[in-house]
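**Q** Protein chains in written order, with our numbering: chain E, 1 to 255; chain P, 1001 to 1308; chain R, 2001 to 2427.
In case anyone wonders, no lab produced these hints; they're calculated from the structure.
On a predicted model such as this, the values are computed, not experimentally measured, just so you know.
Some clues are possibly wrong.
[What the hints assert, rightly or not] Taking CB as the label site, the calculated pair distances span:
(1) E:LEU104 to R:ASP2135: 37 to 47 Å
(2) E:ARG27 to P:ASP1266: 22 to 32 Å
(3) R:ALA2197 to E:ALA208: 33 to 43 Å
[As the list claims (entries may be wrong)] Here are the simulated DSBU-like cross-link-like pairs (lysine-lysine), alpha carbons at most 30 Å apart as the crow flies:
(4) R:LYS2045 to E:LYS194
(5) E:LYS29 to R:LYS2045
(6) E:LYS193 to R:LYS2045
C-beta atoms are modelled at their ideal positions from N, C-alpha and C, and glycine is treated no differently.
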Amino acid sequence: MCFKWVAAEGELRVDPATRAVDASSARRKISDYDRNTIEAARVAAGSIGSELVGLTFGGPDARTGIKDALARGVDRAVHVVADEGARADGHVTAHVLAAQVRRLEDVDLVLCTEGASDTYAHETGPRLGELLGWPVVTNVRELTVEGRTLRAVRVLGADLETVECDLPALVTVVPEVAPAPIPGLRSVLGAAKKPSEQVPVADLGLPAGAVTARTTVTSFLGYVAARRRVVLADGAAQDKVDALVAGLAQDGVLR
Amino acid sequence: MTGIYVFSEDPRLAAELATTAAALADEVHVVCLGADASRTLTATGATSVVVLEAAGAPRPEAYVAALAGLMRDRGADLLLVGATVTGWEVGARVAALLDSALVSEASVITALPDGAWQAERVMYAGGAVQTETWSGPGVVTVAPGRAVAAAVPGSASPVEVVAVDVDTRVRVVSRTARVRSGVDLASAARVVCVGMGLAEPGDLALAGDLADALDAEVACTRPVAEDRGLLPTERYIGISGAHVHPDLYVGLGVSGQVQHTVGFRDAKVVVGINTNPAAPLFAVCDYAVVGDAHEIVPLLAAAVRARH
Amino acid sequence: MSEDTEAVDVIVVGAGLAGIACAYRLALAGRSVVLVERGTTAGSKNVSGGRLYTYALEAVEPGLTRAAPFERAVVREQIVMMDDDRSMTVSLAGPPAAAGDLPASVTVLRSRFDAWFADRAEAAGVMLATGIRVDSLLIEDGRVVGIMAGGEEMRAGVVVAADGVNSFLAREAGLVGELSAHAVGIGVKEVIALDAATIEDRFGVGPGEGAATLMLGCTAGVHGGAFLYTNSGSVSLGIVVSPDQMTASGTTTHGMLQALKAHPALRPLIAGGTTLEYAAHLVREDGWRGVPKRLARGGFLVTGEAAGFVLNLGYTVRGMDLALVSGVAAAEAIVAGGDLETAYRAALDRSGLPATMRAADGYADLMGIERLYRTYPGLVLDVVQSMFTVDARAPRPLRTQVRAAMRANHVPLRAVLRDGLVGVRSI
Ligand SMILES: Cc1cc2nc3c(=O)[nH]c(=O)nc-3n(C[C@H](O)[C@H](O)[C@H](O)COP(=O)(O)OP(=O)(O)OC[C@H]3O[C@@H](n4cnc5c(N)ncnc54)[C@H](O)[C@@H]3O)c2cc1C
Ligand SMILES: Cc1cc2nc3c(=O)[nH]c(=O)nc-3n(C[C@H](O)[C@H](O)[C@H](O)COP(=O)(O)OP(=O)(O)OC[C@H]3O[C@@H](n4cnc5c(N)ncnc54)[C@H](O)[C@@H]3O)c2cc1C
Ligand SMILES: Nc1ncnc2c1ncn2[C@@H]1O[C@H](COP(=O)(O)O)[C@@H](O)[C@H]1O
Chain E
1 MCFKWVAAEG
11 ELRVDPATRA
21 VDASSARRKI
31 SDYDRNTIEA
41 ARVAAGSIGS
51 ELVGLTFGGP
61 DARTGIKDAL
71 ARGVDRAVHV
81 VADEGARADG
91 HVTAHVLAAQ
101 VRRLEDVDLV
111 LCTEGASDTY
121 AHETGPRLGE
131 LLGWPVVTNV
141 RELTVEGRTL
151 RAVRVLGADL
161 ETVECDLPAL
171 VTVVPEVAPA
181 PIPGLRSVLG
191 AAKKPSEQVP
201 VADLGLPAGA
211 VTARTTVTSF
221 LGYVAARRRV
231 VLADGAAQDK
241 VDALVAGLAQ
251 DGVLR
Chain P
1001 MTGIYVFSED
1011 PRLAAELATT
1021 AAALADEVHV
1031 VCLGADASRT
1041 LTATGATSVV
1051 VLEAAGAPRP
1061 EAYVAALAGL
1071 MRDRGADLLL
1081 VGATVTGWEV
1091 GARVAALLDS
1101 ALVSEASVIT
1111 ALPDGAWQAE
1121 RVMYAGGAVQ
1131 TETWSGPGVV
1141 TVAPGRAVAA
1151 AVPGSASPVE
1161 VVAVDVDTRV
1171 RVVSRTARVR
1181 SGVDLASAAR
1191 VVCVGMGLAE
1201 PGDLALAGDL
1211 ADALDAEVAC
1221 TRPVAEDRGL
1231 LPTERYIGIS
1241 GAHVHPDLYV
1251 GLGVSGQVQH
1261 TVGFRDAKVV
1271 VGINTNPAAP
1281 LFAVCDYAVV
1291 GDAHEIVPLL
1301 AAAVRARH
Chain R
2001 MSEDTEAVDV
2011 IVVGAGLAGI
2021 ACAYRLALAG
2031 RSVVLVERGT
2041 TAGSKNVSGG
2051 RLYTYALEAV
2061 EPGLTRAAPF
2071 ERAVVREQIV
2081 MMDDDRSMTV
2091 SLAGPPAAAG
2101 DLPASVTVLR
2111 SRFDAWFADR
2121 AEAAGVMLAT
2131 GIRVDSLLIE
2141 DGRVVGIMAG
2151 GEEMRAGVVV
2161 AADGVNSFLA
2171 REAGLVGELS
2181 AHAVGIGVKE
2191 VIALDAATIE
2201 DRFGVGPGEG
2211 AATLMLGCTA
2221 GVHGGAFLYT
2231 NSGSVSLGIV
2241 VSPDQMTASG
2251 TTTHGMLQAL
2261 KAHPALRPLI
2271 AGGTTLEYAA
2281 HLVREDGWRG
2291 VPKRLARGGF
2301 LVTGEAAGFV
2311 LNLGYTVRGM
2321 DLALVSGVAA
2331 AEAIVAGGDL
2341 ETAYRAALDR
2351 SGLPATMRAA
2361 DGYADLMGIE
2371 RLYRTYPGLV
2381 LDVVQSMFTV
2391 DARAPRPLRT
2401 QVRAAMRANH
2411 VPLRAVLRDG
2421 LVGVRSI
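Looking at chain E on its own, in the form it has when it is part of the complex (with noise of 0.2 Å):
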């Protein structure tokens, strides 16, 4: 399975004035979703007896990511360790966990989030599949493995979907999938002791197209909102109704 070491969206600092965003002390964290994916891929290891690798991309402060990824349930990690400066997008991040999946040995299935917390792309999953040359089953709540056939049930709008392929193939999940438990005190002890591997780039022998970020980011600007924030916390309840519905008919917002 694949997870994403992001920075917490919820402490980016946005300069109001510039909307430059500082997220230099924004604590960083296993994408939200790539959580659930963990438990989803564990059962499913599980439940073809199969070892579960957890597979990241990132710079080198990533290591903490692993330690939390092995508490969660993966079995043995392997961090690819992106080179300092380069800019990683769909395309380079695709093709360098493509790379690393065809390093490792037989695998029989490969689960990414729909979407990660910071981009949201829903890219990597399918791009990787395509790379891959497996068939692809994307935004799958339900996930089932019987001997060499994957049943799934995707989520489409507010259609539910069943479909079947056969193995190895790409999943994408999305959270519902399963829940995300807090690990314990042995499970975090434990992770620890499982193995994990750090693989520079440059080892995956990629031609220079396959890292060479298609896209050139111009731009990055936090968003600053631009509210009233009129507080009414004092008071009794009705006085509090009776603010906020007088600012409300002046706003003329009442029918």
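Given the coordinates of chain E, assemble chains P and R with the ligands onto it according to the supplied hints.
**A** Frame of chain E, contents of chains P and R with the ligands only:
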């Protein structure tokens, strides 16, 4: 420049994409699956409509290689894909086959003078806006509702049918509809949004009553729909749900994570009711009411009714 | 789960400075140690002003200061006396330290510092488990034999409580009772971002150098004081006060801090800075008197602020250095074996901690003097202001000025003498 290709499995969305594309290039080709879809799309004023045809009734995702092949053969610059669950997959896989750029859910697309492209998209679920440029072929997904569906009276684009091979490795076993309420939150003038702070079974009546007093639609946050199953999924607002732009949004027991709040950014007036004075929702509110929704909501409904 | 983590030599609860120091030293001595921390990373929950005396780091391991990611070496000490709108600053800059000399104190940011320290402990063999909250002790036949966390039990030869102020483990072990309101102060702190050049400019220090500023008279008459420490790219501003007087003062700690930020003496120092974080935390203020009679029982001992090892001197708090040396002493006691209480007391005595704390005991009396927090700062400011006031009249003798100021501030001479006596005795 050989024009923009647009694709969506949903003909209405394809027609919207045709509008977006027409503003960017002289030549717009609409790609669709099956003759039915082509009938509505010939009236969009597109340069041509390309129908991909295969035996049986394959799922749209089965056409990925065919679509990529078409792009490559015709030397297409840009493929716009409707950002649905299917469109996300199709767009990303086509980009992989073309080894090209992809911009997900672009809000603004610009053709730069030197033949390069530029697009804006949100990052961190709405915490930031990123502008990206690229040259060479690219795929851009565009969310529904970004443009008015193109309809050029009297126009009849030439239709070209291309027989293609499809990928049948993924087999559809069944398809069922989840509960639908047929609500169109996007056009609601007032929205009462239920969060997990007001998501016990009995609480829904409270929210319903306030919505009734305000003549508002009831909406919710993602966990209320997806985890609790209290309301149909098309009622949840946010980056992965509905985008709304009402005159009034009232959040009841909503914490205000950006993934949710990005969905009502265009609301004229935002009200939050939450017990926690530090709830992130209050940072993006016009009125922050600190209090228990169980207590405030009935009073608010009564006060609104008293004005009628 | 493999057999070998089923039982370990020692479980240390709390990855603050006491816990990390203890676990680190035990690992260096070859013991198997599990260090359990409820925060997602070591240091994520810890609040400190941020001034750390380096002798304690050296006591953990010689050379540690040099390796540590501290913010700035303190080279300038300032005391500010203030009332609502006036202030007087005494600033002491020492002679330049000889190259190679260790700074006597440094500033640290706990999230960065503790994470580094915990990393180092892990590298030495400590098994660190973060994101785990210890719920209770496992006690069998009157002996502590392990812990319970999230429904899981883990056994160890010794459990060390390094869980900070208001240690519920020490309470569960029966070593301490409930904390009284008089025993704790409340501290609030903001970290305000400022770029390095601005800091060096405003505080008159060079690159890597910092200032420690202590403030009196800014707590609306409530026991306590404020501090301002310079970090690399930020300053830490905080107030520590006694909560039992807060209600009477009619303000909140948050309100006090906001008022302080707007004070003319402080505003220019933090102008243009953005607040990075805000935190509130308790801090013991009963000194040596608050240290429990027994620090250990079978299979269990308590260290750091959990054992009351902190000195709140009103204008400055020393807890981190005492946490470090007591953590080391705990490790030494466990390694020494035998009766834990005896070995621990001996190790503590060698560290000099009890002597330091006893010497400061009188401070509690000094700090108990109400007038220190509003009246005296006002009095001093009145006197100094009159000294600097020059007009056409003939200057009055200083003695007269002081008496006038005392009258204006309603302080009888008797009270001043009594307070002075307490002060002299306490030092
Ligand atoms: C990639 C990604 C995509 C996502 N997409 C979406 C999306 O599209 N839409 C969406 O909604 N979420 C989405 N989420 C989830 C989102 O991050 C939040 O978890 C979710 O919006 C929280 O829902 P909530 O506010 O209802 O619940 P909570 O966060 O649990 O908040 C409940 C609130 O109720 C308050 N409360 C409790 N009791 C009371 C009371 N009696 N009266 C008043 N207040 C009370 C509490 O103080 C709290 O603030 C997404 C997350 C990710 C990572
Ligand atoms: C505002 C303020 C300013 C201060 N300024 C200074 C200063 O400038 N210099 C100085 O030397 N001292 C200062 N102090 C005091 C100093 O911060 C503390 O005395 C010192 O941090 C105590 O260290 P410790 O390791 O004993 O405890 P802590 O640093 O408090 O660490 C205890 C750890 O235990 C963890 N924990 C608690 N319960 C559990 C549990 N059940 N399970 C798992 N983990 C648990 C906590 O998360 C925490 O990480 C200040 C204190 C405050 C409040
Ligand atoms: N750098 C990465 N390393 C590992 N997995 C990734 C990485 N980037 C994306 N993914 C996976 O792809 C999913 C979707 O990412 P995205 O397409 O960027 O929204 C993530 O949730 C992960 O499962």
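**Q** Each hint: holds or not?
**A** Status of each hint after checking the structure:
no.	hint	in the structure
1	E:LEU104 to R:ASP2135: 37 to 47 Å	holds, 39 Å
2	E:ARG27 to P:ASP1266: 22 to 32 Å	holds, 30 Å
3	R:ALA2197 to E:ALA208: 33 to 43 Å	holds, 40 Å
4	R:LYS2045 to E:LYS194	holds, 27 Å
5	E:LYS29 to R:LYS2045	holds, 16 Å
6	E:LYS193 to R:LYS2045	holds, 26 Å
Consistency with the previously given hints is maintained throughout, with no hint failing.
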